[in-house]
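From first to last, the protein sequence lines stand for chains A and B.
One point on numbering: in UniProt numbering, the residue at position 149 of the first sequence is 149, and numbering is uninterrupted.
One point on numbering: in UniProt numbering, the residue at position 116 of the second sequence is 116, and numbering is uninterrupted.
Rather than coming from a laboratory, the hints here were simulated on the basis of the structure.
Because the structure is a prediction, the values reported are computed rather than measured.
Do not take every clue at face value.
[To be verified] These stretches of chain B come out as covered by chain A in the derived footprint (C-beta under 8 Å, 3 or more residues):
no. : stretch
1   : 72 to 80
2   : 156 to 168
3   : 177 to 188
[What the hints assert, rightly or not] Covered, in the sense of this in silico footprint (three residues per stretch, anywhere, with C-beta under 8 Å from a C-beta of chain B), are these stretches of chain A:
no. : stretch
4   : 196 to 204
5   : 210 to 219
[What the hints assert, rightly or not] Quick list of simulated restraints, FRET-style, between CB atoms:
no. : chain 1 : residue 1 : chain 2 : residue 2 : range
6   : B       : D22       : A       : R224      : 23 to 31 Å
7   : A       : G244      : B       : G125      : 24 to 32 Å
8   : B       : K91       : A       : G121      : 34 to 42 Å
9   : B       : D22       : A       : D29       : 26 to 34 Å
10  : A       : E226      : B       : G125      : 24 to 32 Å
11  : A       : D208      : B       : T53       : 51 to 59 Å
12  : A       : E314      : B       : T45       : 48 to 56 Å
13  : A       : A21       : B       : G185      : 41 to 49 Å
14  : A       : P249      : B       : T45       : 48 to 56 Å
15  : A       : E314      : B       : D22       : 20 to 28 Å
16  : B       : P124      : A       : N290      : 45 to 53 Å
17  : A       : T166      : B       : P124      : 20 to 28 Å
18  : A       : E118      : B       : G125      : 26 to 34 Å
19  : A       : G200      : B       : G125      : 28 to 36 Å
Heads up, the beta-carbon is just placed ideally off N, CA and C, and yes, glycines get one too.
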Amino acid sequence: MKKFINDPAAVVREALTGVAAAHPDLRVDIEQQIVVRADAPRSGKVGVLSGGGSGHEPLHGGFVGLGMLDAAVPGEVFTSPVPDQILAATQAVDGGAGVVHIVKNYTGDVMNFQMAAELAGDEGIDVRTVLVDDDVAVEDSTWTAGRRGTGATLVVEKVTGALAETGASAAAVAAAGSRVDELSASFAVALTACTTPAAGKPGFDLPDDEMEVGVGIHGEPGRRREKLRPAREIAAMTVEAILGAKPLPSGSEAIVLVNGLGGTPLIELYLMYGEVATLLDKAGVRVARNLVGNYVTSLDMAGMSVTVCRADAEILRLWDAPVRTPALRWGV
Amino acid sequence: MDVALARSWVTAIATAVTEQADYLTQLDSAIGDADHGVNLNRGFTAVVAALDTADPRTVGDVFVKTGTTLVSKVGGAAGPLYGTAFRAIGKALPAEGSTVDAAELGAALRAGLAAVQKLGAAVPGDKTIVDAYGPAVAAFEKAADDGLPAAARAAAEAAAEGMRATTGLHARKGRASYLGPRSVGHQDPGATSTWLIFQALADVT
Numbered sequence: 001m002k003k004f005i006n007d008p009a010a011v012v013r014e015a016l017t018g019v020a021a022a023h024p025d026l027r028v029d030i031e032q033q034i035v036v037r038a039d040a041p042r043s044g045k046v047g048v049l050s051g052g053g054s055g056h057e058p059l060h061g062g063f064v065g066l067g068m069l070d071a072a073v074p075g076e077v078f079t080s081p082v083p084d085q086i087l088a089a090t091q092a093v094d095g096g097a098g099v100v101h102i103v104k105n106y107t108g109d110v111m112n113f114q115m116a117a118e119l120a121g122d123e124g125i126d127v128r129t130v131l132v133d134d135d136v137a138v139e140d141s142t143w144t145a146g147r148r149g150t151g152a153t154l155v156v157e158k159v160t161g162a163l164a165e166t167g168a169s170a171a172a173v174a175a176a177g178s179r180v181d182e183l184s185a186s187f188a189v190a191l192t193a194c195t196t197p198a199a200g201k202p203g204f205d206l207p208d209d210e211m212e213v214g215v216g217i218h219g220e221p222g223r224r225r226e227k228l229r230p231a232r233e234i235a236a237m238t239v240e241a242i243l244g245a246k247p248l249p250s251g252s253e254a255i256v257l258v259n260g261l262g263g264t265p266l267i268e269l270y271l272m273y274g275e276v277a278t279l280l281d282k283a284g285v286r287v288a289r290n291l292v293g294n295y296v297t298s299l300d301m302a303g304m305s306v307t308v309c310r311a312d313a314e315i316l317r318l319w320d321a322p323v324r325t326p327a328l329r330w331g332v
Numbered sequence: 001m002d003v004a005l006a007r008s009w010v011t012a013i014a015t016a017v018t019e020q021a022d023y024l025t026q027l028d029s030a031i032g033d034a035d036h037g038v039n040l041n042r043g044f045t046a047v048v049a050a051l052d053t054a055d056p057r058t059v060g061d062v063f064v065k066t067g068t069t070l071v072s073k074v075g076g077a078a079g080p081l082y083g084t085a086f087r088a089i090g091k092a093l094p095a096e097g098s099t100v101d102a103a104e105l106g107a108a109l110r111a112g113l114a115a116v117q118k119l120g121a122a123v124p125g126d127k128t129i130v131d132a133y134g135p136a137v138a139a140f141e142k143a144a145d146d147g148l149p150a151a152a153r154a155a156a157e158a159a160a161e162g163m164r165a166t167t168g169l170h171a172r173k174g175r176a177s178y179l180g181p182r183s184v185g186h187q188d189p190g191a192t193s194t195w196l197i198f199q200a201l202a203d204v205t
């Protein structure tokens, strides 16, 4: 597999060098691997921090800035960051009002963030954790690792970031994040595997006429493999899975994301959005806001995910609040 | 076991992980996210470098240093799990004296297993590190009276058996759990690296 890289082991560091060059308004610590808002910490403002393995860009570094994250902590590709990094970023954004960690529900991420939260707690920083687990392809069970954090992470980061900007308490910001997670459901379908720089070849082989259904964002195979079908049928299966897992009362408003996994062109994402919007309309769901594009990716995987977040006036107000980050920018 | 032997064990693990990095990553590609070999290799390479510049006085110090370095260098689930295991092993060993006997090491390995299970909430049969680590500790304890080399050999054999048995299991923890029944038929990468660790102990004793 061909890639624009120099050395597989240096990809994250060298990409951060590029982020620093492209966005001088962010503070990028290439050695520690943390991305921090230029004006952090702000006294009295809750710090909002997220992180996880790299390879999902623009998540999370692309969402650092006014109205969203105060810091992002990228790990190696598909590998959660380590506690030292998370602690350093937590210290960098603590303005005395506490720090909210937004953690996607993966075993490694949960452990490393938990260790960092304990270390930060020892230093007197009030850390609250929002766990994101929106992927309804995985059954939720206390006997397993539980559902994965995927597309809804963006909505959680946007809403918590906007609320923190208003001077809300750490408890209130964390509660809003958890509420968005509870109201969100996502489902993804892949047309190809992805290739990590270290492995150099695709994670699995997928024949031209087949798709992986119920994939996550780490190149792992999905819940099942099926024959490829027309986009309309894939959209129907996706919407059915989402509404089946988290039914929305007729007349509900929602924020809807049709998200590319990295290797699917926008023309196909818009086509899918059209199908999804029609289906949701038929189901009595009013799409109040939408986002179409590559936001929570899985390197070069061809595929897409749909996220539906049931939204009330408060969530919509926070969604609409000004945001100025490399990947999301409106109202400013 | 003295400090020199403890260092040798850790160095042997690093060598084995480097040699088997591609194999571990290949196992992880099938049911995980293809980073296990790369991550452990980065971690144990850092451990060897850290031990080179450290001056551990006790066997326990060697393992605490090993664990702390793994926690801060590996990331993912493997970093906290193996890091916590080695830290717990080190802390369970006597704080004084330059050697430990097989019974003391067995008890420390048991403490490491308990720490892994507490952190990861995994039980035997979940298709994880625990499926190799559990049988290895039990075999080590059983053979401890016969001395360290015999106990280490027994542990390595039991770890290998536990590792092979993970192939038939349905993953209930970690990233492989997302595949549900499709995780069956693949050997667990974590149980495999655990076997490498016990095999390295058998090789140096």
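Results of checking the hints against the structure:
no. : hint                        : verdict
1   : 72 to 80                    : holds (count 9)
2   : 156 to 168                  : violated (count 0)
3   : 177 to 188                  : holds (count 5)
4   : 196 to 204                  : holds (count 5)
5   : 210 to 219                  : holds (count 3)
6   : B/D22 - A/R224: 23 to 31 Å  : holds (28 Å)
7   : A/G244 - B/G125: 24 to 32 Å : holds (30 Å)
8   : B/K91 - A/G121: 34 to 42 Å  : violated (21 Å)
9   : B/D22 - A/D29: 26 to 34 Å   : holds (31 Å)
10  : A/E226 - B/G125: 24 to 32 Å : holds (30 Å)
11  : A/D208 - B/T53: 51 to 59 Å  : holds (53 Å)
12  : A/E314 - B/T45: 48 to 56 Å  : holds (49 Å)
13  : A/A21 - B/G185: 41 to 49 Å  : holds (46 Å)
14  : A/P249 - B/T45: 48 to 56 Å  : holds (55 Å)
15  : A/E314 - B/D22: 20 to 28 Å  : violated (51 Å)
16  : B/P124 - A/N290: 45 to 53 Å : holds (47 Å)
17  : A/T166 - B/P124: 20 to 28 Å : violated (49 Å)
18  : A/E118 - B/G125: 26 to 34 Å : holds (29 Å)
19  : A/G200 - B/G125: 28 to 36 Å : holds (34 Å)
In this structure, the hints that do not hold are numbers 2, 8, 15 and 17, in rising order.
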